[in-house]
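*Asks:* So you can see what is in the structure, the chains are spelled out below.
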Amino acid sequence: MADKRESVRIKDGQQLRVLDEAARRRRQRKALEALEEDNFSEDPHADLKMSKKAPKFDEGIDSSGPGPKKKRKSRGDFKLRYRKTFSALLEEEHMLNKDGPTYFTACAPPSTLPERHFCAVCGFPSNYTCVQCGARYCCIKCLGTHQDTRCLKYTA
Amino acid sequence: MATLILDNGAGTAKVGFSTDSEPKIIPNCVTKAKNVRTRIFIGDQIEECKDLSSLYYLLPFQKGFLVNWEIEKQVWDHMFSKDVCQVDFNETALLVTEPFFNFPSIGESINEVIFEEYQFQALHRTQAPTLSCYKHQTDKVTSGSLFGTLVVDSGYSFSHIVPFYKNKPLKEAIIRVNVGGKVLTNHLKEVISYRQLMVMDETYVINQMKEDVCYVSTQFKKDISIARLKYPENTISRDYILPDYTHIKRGYVRAPEDSGKAKGDEQMIRMNNERFAIPELLFYPSDVGIQEMGLSESIMHCMTLVDKELVPHLLNNIVLTGGNALLPGFQDRVFQDVRSMASDDYDVGISTPSNPLTYAWQSGCDLALDPIFPSMCVSRHDYEEHGHVACINKFNVS
Ligand SMILES: [Zn+2]
Ligand SMILES: [Zn+2]
Numbered sequence: 001m002a003d004k005r006e007s008v009r010i011k012d013g014q015q016l017r018v019l020d021e022a023a024r025r026r027r028q029r030k031a032l033e034a035l036e037e038d039n040f041s042e043d044p045h046a047d048l049k050m051s052k053k054a055p056k057f058d059e060g061i062d063s064s065g066p067g068p069k070k071k072r073k074s075r076g077d078f079k080l081r082y083r084k085t086f087s088a089l090l091e092e093e094h095m096l097n098k099d100g101p102t103y104f105t106a107c108a109p110p111s112t113l114p115e116r117h118f119c120a121v122c123g124f125p126s127n128y129t130c131v132q133c134g135a136r137y138c139c140i141k142c143l144g145t146h147q148d149t150r151c152l153k154y155t156a
Numbered sequence: 001m002a003t004l005i006l007d008n009g010a011g012t013a014k015v016g017f018s019t020d021s022e023p024k025i026i027p028n029c030v031t032k033a034k035n036v037r038t039r040i041f042i043g044d045q046i047e048e049c050k051d052l053s054s055l056y057y058l059l060p061f062q063k064g065f066l067v068n069w070e071i072e073k074q075v076w077d078h079m080f081s082k083d084v085c086q087v088d089f090n091e092t093a094l095l096v097t098e099p100f101f102n103f104p105s106i107g108e109s110i111n112e113v114i115f116e117e118y119q120f121q122a123l124h125r126t127q128a129p130t131l132s133c134y135k136h137q138t139d140k141v142t143s144g145s146l147f148g149t150l151v152v153d154s155g156y157s158f159s160h161i162v163p164f165y166k167n168k169p170l171k172e173a174i175i176r177v178n179v180g181g182k183v184l185t186n187h188l189k190e191v192i193s194y195r196q197l198m199v200m201d202e203t204y205v206i207n208q209m210k211e212d213v214c215y216v217s218t219q220f221k222k223d224i225s226i227a228r229l230k231y232p233e234n235t236i237s238r239d240y241i242l243p244d245y246t247h248i249k250r251g252y253v254r255a256p257e258d259s260g261k262a263k264g265d266e267q268m269i270r271m272n273n274e275r276f277a278i279p280e281l282l283f284y285p286s287d288v289g290i291q292e293m294g295l296s297e298s299i300m301h302c303m304t305l306v307d308k309e310l311v312p313h314l315l316n317n318i319v320l321t322g323g324n325a326l327l328p329g330f331q332d333r334v335f336q337d338v339r340s341m342a343s344d345d346y347d348v349g350i351s352t353p354s355n356p357l358t359y360a361w362q363s364g365c366d367l368a369l370d371p372i373f374p375s376m377c378v379s380r381h382d383y384e385e386h387g388h389v390a391c392i393n394k395f396n397v398s
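If you read the sequences in order, they're chains A and B.
Quick note: the first sequence, position 31, residue 31 per UniProt numbering, numbers continuous.
Quick note: the second sequence, position 239, residue 239 per UniProt numbering, numbers continuous.
Don't read these hints as lab results, they were simulated from the structure.
Fair warning: there could be bad hints in the mix.
[Claimed, not checked] Just some of the chain B residues that point at chain A, by a computed CB distance under 8 Å:
id: 1; residue: K63
id: 2; residue: N273
id: 3; residue: M293
Note that beta-carbon positions come from the ideal geometry of N, C-alpha and C, so glycine has one too.
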């Protein structure tokens with residue numbers, strides 16, 4: 001542990017790189033976006049689309065039900081017509097729904113309870129903030145781990 | 001005419017006929033498995049997959065809203081087929097749920113898919129909490145006041161606090177907390193990957209571990225001190241053995257007295273403060289930097305937005321639903337928090353249905369039998385005659 005401490009001091013003495021406010025916010029935003037991700041890695045079989053069991057798009061579902069088979073042309077283009085990103089939907093809502101309760105008004109407001117802080121490394125309550133990146137840590141040991149593995153190791 | 005009930009959650013769809021006693025629970029997604037190149041898995045077909053490591057998910061929902069029909073259509077086709085429900089569209093009405101404040105264009109897409117692609121005979125669109133409120137009111141015949149019901153629905157994408165006056169949702173007082181099961185699992189993946197073992201691609205496994213060992217604390221500070229101790233004083237720590245899908249088919253908790261190092265080739269995760277710190281996000285979203293009130297604080301905030309006369313009724317009639325209500329300690333925590341924040345003049349009454357995940361679906365079955373139900377539906381004829389307007393006028397959505 002003594003070694004770690006020393007290495008920290010040498011680093012400090014040479015050149016202290018500190019993330020500015022904008023970079024910290026960027027990093028925080030990325031962390032929040034990561035919480036919404038469906039997958040971490042890329043699709044391993046991006047080329048693989050259909051199973052034999054799955055009905056093909058244009059077959060519609062006329063072939064499955066036992067009812068009388070109607071000749072009917074599926075307007076399969078609905079999948080594209082209704083394909084909107086979430087941000088596009090928000091924008092639309094913003095334009096069309098000016099008054100009355102909306103998706104936006106329903107969002108919980110910021111908490112009035114005092115914020116709690118936990119060590120990024122071990123998860124226990126933390127009293128210290130890394131001066132370089134703003135992450136929380138609880139002890140020298142965790143600070144060392146943080147500096148060796150995260151901190152400025154990846155740039156936001 | 002039969003009625004199919006579809007509680008179309010972003011995590012799982014609950015589907016079945018109103019005459020069924022239980023719904024089928026179908027993962028609302030298409031999955032690809034790392035080691036299976038020959039096929040994809042639609043919904044519950046994933047049960048046929050022997051190796052559930054490194055699954056790749058295609059989800060029709062984004063932030064709780066249905067945005068990708070390319071995927072949803074595959075899941076619905078499968079659910080309506082003989083493999084799951086065997087729907088005869090010529091003889092069936094559909095009751096389907098959607099989130100509060102669903103966007104109008106998504107609503108239109110649902111109308112169109114239901115009536116034009118599938119040709120159901122009739123449609124009723126509503127929200128899961130509205131169904132839950134209906135069942136809570138009809139089940140609770142003995143109690144006094146049913147003027148107000150407060151449904152807390154904590155699901156996959158987010159959690160909603162929904163106050164009702166009788167059966168009517170008070171939309172101006174609905175609160176959405178953007179924390180649900182997905183955020184919990186993703187955060188757990190993140191902390192385990194940093195602290196112990198790279199599991200960022202193991203959503204399925206880690207979600208199962210979350211369901212197996214996480215709980216909601218009712219004594220957070222005390223649990224933190226216990227988690228700092230060593231075995232046997234540390235009564236919280238659990239060693240969780242991960243599945244390898246050859247010898248170990250499913251993850252499991254090792255008995256505390258056997259805890260220690262991993263044996264042989266097995267992979268082990270030690271769940272200590274993570275067991276309760278992860279579900280804390282439901283109550284303190286700010287723990288991960290989401291600047292929103294948590295569930296209990298949101299309940300109290302909701303009380304400031306409704307008619308004062310209704311507050312005692314709501315606080316005494318809180319119903320907890322959604323998958324996160326299955327976390328041990330969830331109800332105790334909500335009670336403890338609300339009791340401590342609410343005025344002593346009010347009674348606080350909270351209940352959790354025996355299955356909070358399928359409660360809305362069960363309620364849909366009851367509603368489908370209610371004599372008023374047909375009048376709540378838009379028929380295919382109405383839709384063909386009047387289009388989306390018929391639906392806008394009939395359903396209390398968006
Ligand atoms: Zn620490
Ligand atoms: Zn740092």
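*Asks:* When the structure is checked against the list of hints, which entries are broken? Sort them ascending.
*Replies:* Violated hints: none; all satisfied.
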